[in-house]
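4 protein chains.
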Amino acid sequence: MVETGGIAADALRSFIERVERLEEEKKALADDIKDIYAESKSVGFDVKIMRQIIRLRKMNEADRQEQESFLPILTPTLMPLA
Amino acid sequence: MVETGGIAADALRSFIERVERLEEEKKALADDIKDIYAESKSVGFDVKIMRQIIRLRKMNEADRQEQESFLPILTPTLMPLA
Amino acid sequence: MVETGGIAADALRSFIERVERLEEEKKALADDIKDIYAESKSVGFDVKIMRQIIRLRKMNEADRQEQESFLPILTPTLMPLA
Amino acid sequence: MVETGGIAADALRSFIERVERLEEEKKALADDIKDIYAESKSVGFDVKIMRQIIRLRKMNEADRQEQESFLPILTPTLMPLA
DNA sequence: CTGCCATTTTACCGGC
DNA sequence: GCCGGTAAAATGGCAG
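Residue numbers (our numbering), protein chains in the order written: chain A, 1211 to 1292; chain B, 1211 to 1292; chain C, 1211 to 1292; chain D, 1211 to 1292.
Rather than coming from a laboratory, the hints here were simulated on the basis of the structure.
Treat the hints with caution; some may be incorrect.
Just so you know, same-sequence chains aren't split out, so a pair can sit in one copy or run between any two.
[Unchecked claim] Lysine-lysine pairs mimicking DSBU-like chemistry, simulated, CA-CA at most 35 Å apart:
1) K1268 to K1236
2) K1251 to K1237
3) K1258 to K1268
4) K1237 to K1268
5) K1244 to K1268
With the sequences and hints as input, model every part of the structure.
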């Protein structure tokens, strides 16, 4: 049987704790985002549509990056937002 | 017709940009996590098992917190139920 | 061009109808569950707490099954990690 | 303090077990549905699109039922399936 | 009507 | 490069 209390276990523990730490931060950000959506909604915006806009902008962004290899700067910095 | 270039549009734009900013940060963290897994793997750990460990620890953590929080009377008498 | 009214379309139709049938049954069960909660409430039980109990029991069940299934060596030595 | 081992607790236990039983059946159906999608996919259908079709048909169904109060039988029994 | 929770859908990641 | 499975996002539904 391997020595489970040895160097390898320490390294494993370290990796796992680093991951867990980062996942906590990630969750905090996710919560922040939820808060923003909640606030947006409370001010009368339609969250579902906001998500759609963001999705579209992300896609456009991806497109743009792919096209920049070919094209000069034609696309505006910010999509007009409806 | 409402003025679509007015205050509301500005607020919407602001909310959306805040969300997008946070999502970028979130993605950065996700990438960091991926890096850790990659490194772990390169040192011989089984990524799949690492994920399982983390999942288990998260579940245990959640259990504990929820158990402690309340249902202090009902839980012990009812839980076995077998 | 493929023959859209042919074998493939029949198979697709069949799959879809099977899914729809099962979803109807599923919905019926969901309704039954709703009825039970309604009855419970009418007899004085707190539905929210009932749901919590059920959730806890499901989590415990899941934990137990996953714990038993394996990681028999790693878990005890690593889990505390405190 | 209430008698936690008394009649009320029995009733609660009964309700909870009934719910749990039904939820098991519901889960079984959900698994069956997943199986069908898996099989569909293995035969070359696009699951994502199948879901869309089913969603549309459900919406049409809802529409139809709402309109039947006004209209005679004009809508066909089965939407053509693409 | 609002917030919460369950379910469902989508996206991702590692393995083959 | 696909596939299976797991985690995250999103939608829908229910209780208050």
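Discussion item. Let me make sure I understand: some of the numbered hints might not hold for this structure. Which ones are they, in numerical order?
Written reply: Violated hints: none; all satisfied.
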